[in-house]
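Participant: The listed protein sequences correspond, in order, to chains A and G.
Our numbering puts the first residue of the first sequence at 1, with every later residue one more than the last.
Our numbering puts the first residue of the second sequence at 302, with every later residue one more than the last.
It is worth saying that the hints were derived from the structure and are not from the lab.
We put the beta carbon where it would ideally sit given N, CA and C, even for glycine.
Careful, some of the hints might be misleading.
[Claimed, not checked] Some, not all, of what chain A presents toward chain G, calculated at C-beta under 10 Å:
#1 I114
#2 A199
#3 R205
[What the hints assert, rightly or not] Just the calculated beta-carbon pair ranges, DEER-fashion:
#4 G/D707 x A/A53: 34 to 42 Å
#5 G/N440 x A/F115: 36 to 44 Å
#6 A/A53 x G/G317: 40 to 48 Å
#7 G/A655 x A/V37: 55 to 63 Å
#8 A/N35 x G/H729: 28 to 36 Å
[What the hints assert, rightly or not] EDC-like mimics (lysine to aspartate or glutamate), calculated; alpha carbons at most 20 Å apart, straight line:
#9 G/K589 x G/E614
#10 G/K805 x G/D590
#11 G/K313 x A/E34
#12 G/K551 x G/E533
#13 G/K500 x G/E435
#14 G/K406 x G/D381
#15 G/K696 x G/D676
#16 G/K696 x A/D203
#17 G/K316 x A/E34
#18 G/K406 x G/D357
#19 A/K26 x G/D725
#20 G/K696 x G/D750
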Amino acid sequence: MKMTEITTPAAPAPAPPAPKGSGTLKHIGYVLRENPVTGLSFLMFAGLLISAAIGPWIVPYDPLATNAAAVLQPPSATHWFGTDNLGRDVFSRVIVATRLDLIISVAAVTLSFIFGSVIGALAGYRGGWFDIIASRCLDTIMAFPLFVLAMGIVAALGNSVANIIYATAIINIPFYARLVRAEVNIRREAGFTLAAKLAGNSDARVLAFHIFPNALPPMMVQVSLNLGWAILNAAGLSFIGLGVRPPTPEWGIMVAEGANYIVSGEWWMALFPGLWLMLAVFTFNLMGDGLRDIVDPRRRT
Amino acid sequence: MLSIKDLQVAFKTRKGEVTAVKGITFELAKGERLGIVGESGSGKSVTSYALMRILDANGRIKAGDAVYSGVDLRKASERDMRDLRGREISMIFQNPRAALNPIRKVGHQIEDVLIQHARASRQNARAKAIEALEAVRINDAAARYDAYPFELSGGMCQRVVCAIALACDPKLMIMDEPTTGLDITTQKAVMDLVDELVKARGMSSILITHDLGLASEYCDRIVVMKDGEIVEEGGPVDLFRNPQHAYTRKLVDATPRRGVEIRELLPEEARTLLAPHMVRDTPLIEVKDLTKTYAGKSGPVHAVKGISFTVREGQSVGLVGESGCGKSTTSSMLVRLLDSTSGQILFRGQDLAAIPAADFARNPLRTKIQMVFQDATDSLNPRHTSRQSIAEPLKRMTGLKGAALDARVEELARLTGLPAHLLDRFPHQLSGGQKARVGIARAIAPDPDFLILDEPTAALDVSIQAVVLNLLADLRVRLGMSYLFVSHDLNVVRLLCDHVIVMKGGEIVDAGPVEQVMDHPSHPYTAELLSAAPQAPRPQTAA
Numbered sequence: 001m002k003m004t005e006i007t008t009p010a011a012p013a014p015a016p017p018a019p020k021g022s023g024t025l026k027h028i029g030y031v032l033r034e035n036p037v038t039g040l041s042f043l044m045f046a047g048l049l050i051s052a053a054i055g056p057w058i059v060p061y062d063p064l065a066t067n068a069a070a071v072l073q074p075p076s077a078t079h080w081f082g083t084d085n086l087g088r089d090v091f092s093r094v095i096v097a098t099r100l101d102l103i104i105s106v107a108a109v110t111l112s113f114i115f116g117s118v119i120g121a122l123a124g125y126r127g128g129w130f131d132i133i134a135s136r137c138l139d140t141i142m143a144f145p146l147f148v149l150a151m152g153i154v155a156a157l158g159n160s161v162a163n164i165i166y167a168t169a170i171i172n173i174p175f176y177a178r179l180v181r182a183e184v185n186i187r188r189e190a191g192f193t194l195a196a197k198l199a200g201n202s203d204a205r206v207l208a209f210h211i212f213p214n215a216l217p218p219m220m221v222q223v224s225l226n227l228g229w230a231i232l233n234a235a236g237l238s239f240i241g242l243g244v245r246p247p248t249p250e251w252g253i254m255v256a257e258g259a260n261y262i263v264s265g266e267w268w269m270a271l272f273p274g275l276w277l278m279l280a281v282f283t284f285n286l287m288g289d290g291l292r293d294i295v296d297p298r299r300r301t
Numbered sequence: 302m303l304s305i306k307d308l309q310v311a312f313k314t315r316k317g318e319v320t321a322v323k324g325i326t327f328e329l330a331k332g333e334r335l336g337i338v339g340e341s342g343s344g345k346s347v348t349s350y351a352l353m354r355i356l357d358a359n360g361r362i363k364a365g366d367a368v369y370s371g372v373d374l375r376k377a378s379e380r381d382m383r384d385l386r387g388r389e390i391s392m393i394f395q396n397p398r399a400a401l402n403p404i405r406k407v408g409h410q411i412e413d414v415l416i417q418h419a420r421a422s423r424q425n426a427r428a429k430a431i432e433a434l435e436a437v438r439i440n441d442a443a444a445r446y447d448a449y450p451f452e453l454s455g456g457m458c459q460r461v462v463c464a465i466a467l468a469c470d471p472k473l474m475i476m477d478e479p480t481t482g483l484d485i486t487t488q489k490a491v492m493d494l495v496d497e498l499v500k501a502r503g504m505s506s507i508l509i510t511h512d513l514g515l516a517s518e519y520c521d522r523i524v525v526m527k528d529g530e531i532v533e534e535g536g537p538v539d540l541f542r543n544p545q546h547a548y549t550r551k552l553v554d555a556t557p558r559r560g561v562e563i564r565e566l567l568p569e570e571a572r573t574l575l576a577p578h579m580v581r582d583t584p585l586i587e588v589k590d591l592t593k594t595y596a597g598k599s600g601p602v603h604a605v606k607g608i609s610f611t612v613r614e615g616q617s618v619g620l621v622g623e624s625g626c627g628k629s630t631t632s633s634m635l636v637r638l639l640d641s642t643s644g645q646i647l648f649r650g651q652d653l654a655a656i657p658a659a660d661f662a663r664n665p666l667r668t669k670i671q672m673v674f675q676d677a678t679d680s681l682n683p684r685h686t687s688r689q690s691i692a693e694p695l696k697r698m699t700g701l702k703g704a705a706l707d708a709r710v711e712e713l714a715r716l717t718g719l720p721a722h723l724l725d726r727f728p729h730q731l732s733g734g735q736k737a738r739v740g741i742a743r744a745i746a747p748d749p750d751f752l753i754l755d756e757p758t759a760a761l762d763v764s765i766q767a768v769v770l771n772l773l774a775d776l777r778v779r780l781g782m783s784y785l786f787v788s789h790d791l792n793v794v795r796l797l798c799d800h801v802i803v804m805k806g807g808e809i810v811d812a813g814p815v816e817q818v819m820d821h822p823s824h825p826y827t828a829e830l831l832s833a834a835p836q837a838p839r840p841q842t843a844a
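Required output: the full structure, derived from the provided sequences and hints.
Facilitator: Here it is, written out as structure tokens:
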């Protein structure tokens, strides 16, 4: 760089800036192509979303319709996953259940993400007594066996989908809060934080718009893993009879109902909902790294 | 003793194989002190890693020979290399704190090397380790044996690293930027010590540095590297007096030294006329009895003990001192990021110290006082493009929007010499110099009257530093700003400042016009600082 370029207007930009948005899309495309596992997990996630969105309209049978003439039939061309003890089509029930399970896990994770982020960010940024009190409260939650705590919460609040969501959210808050607290804490004195203050930002704005977004990449890994846990947790609660009640199609209940028939050889009733549950958790676990790469601009070259 | 021929080192990256060292040849005689000088990315560190065979997993020696006392370093087995490292060739790394294991006592870390190379047994290891600490003149070595690295200062840590490196009497010592991040007096102490030990033991040494001045003081011969190639080789005096290669000339020119003007740092063809800046008599900032006291675990810590000074309109004041002298605390208070304990900061007569730092973000005076941070990488939000970073203060404080905002950002980019197409890049996609420009553009965006420059060139290569210093000198004239230039490098302060303040232990020990303080230092501390700065041999002619 010569001095002349400083004192005279620089030459016009050789590369016109790409319009916003398309850069992000290109980046997402790049991340998916770069890592086939991530691509596969996003495909599987898309499949889950589609079955959640339009499942009830595309399944061949009414998931609640019983049929005494076709009870406990093994998988066949007419009933892909077989039928259950009331003659309901297992395939239809598995697909329709996707929506409920996804809603529970996404809603629970959203709640814990929001509350965990707020608590963690304030604790990390403010420090002092707020940090001490918040951290000890979170430690208290972590001190319980989490599934037992969730059982207790649902049992106390009552058996409903909303309460499963709350219970799942509460047991997950500490993970988010701790992560955000650590991420915010290390950036509290960073140069760009000070620079943001010099630019006229109040503390709240600095925290919300400058520090917190930098915690997103590791958060995304947590979100993705947590979606899997949340589904397992919801299914687990239903399996032991808390939460969703029959005849609503839900993977946990379906496994619970099918479990009674495994001994007598009707394996398909428990296997297929269990398989779907496993696939969903597997998908979320695989998605984590990809999500992180997408929200991290540093991965762009 | 060491002979390197056509050495090539390559790294596998996402974009294919990159050759970092492109066939270099040099020899090192017994007892010789060789300097390898180059800027970041020149391959100087990679060369030394290749010699020690400690390249990253994706790197390999592609071609060439490296022979040390008859041992082919390229073909030697890993077992032989392990034996060679530490016993024959040892290395001192850039960051002494990172080179020491933080959770082990320094004494144990020295014992490790001694026992590894069978220089000590379990029984006498402790005594030998203390001996090694004494060799690097650590006071009260027996007590320091039990210290953890975090309990020691940076200079002490580097001495411990030296002790480890010298423990087994190696024949060759490789020093990779051994004093980066150390204070200037500490740098001198460490370098003098190592130099003396190397000479006394008849060792050879390779000093890898970006600082031509440092290399010329401690080396018999200097090799200048650029982009993986050796461009010039010669004695330090010859190199300075009569640089043959254009790049060496550029480096020599860019090295701040006594008796040059700021424009003379630049290559000759870029030396435009620098308009003089006007210093008026009216005070812009008056600091009166400013103090800052922290509540420490063992009683209050007085970081700043009642300092007073004045910055006039248009004046550039240098604030000089070593780490821990309170200069950063002072600048944080002036820029209103930190509340003072007592005292006044009068900005055109208005007391800023009366406004809590937390509320200052909403004060209209916020636009008038801005800061350029030390580490450009750390001071840019990794999630914001250059455009967003520069626009942030404008959006928050001037209310510019849309096309007017874009136009202003582009104008600032032009002012700071940042090519417009870089505005949509993220910090990790920019070079150090470009990041420094973004940081400066952001600081001058709200049109401040008072700019605090906190070692803005400390992390930059000398040639980039030269350009940035000149940019700052130009901006000062164009925008009529006053500067407070915080630095530990007196040679740089001399170039840019009219007035200088020397701080030590939270107090001002010396102050006055730059020529007076630097040419006739009245305080012994100032004299000590001045003599610690490596002095490059003066070029005979400017041509």
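Participant: Are there hints from earlier that the structure breaks, and if so, what are their numbers?
Facilitator: Those not satisfied are hints 1, 5, 8, 14, 15 and 18.
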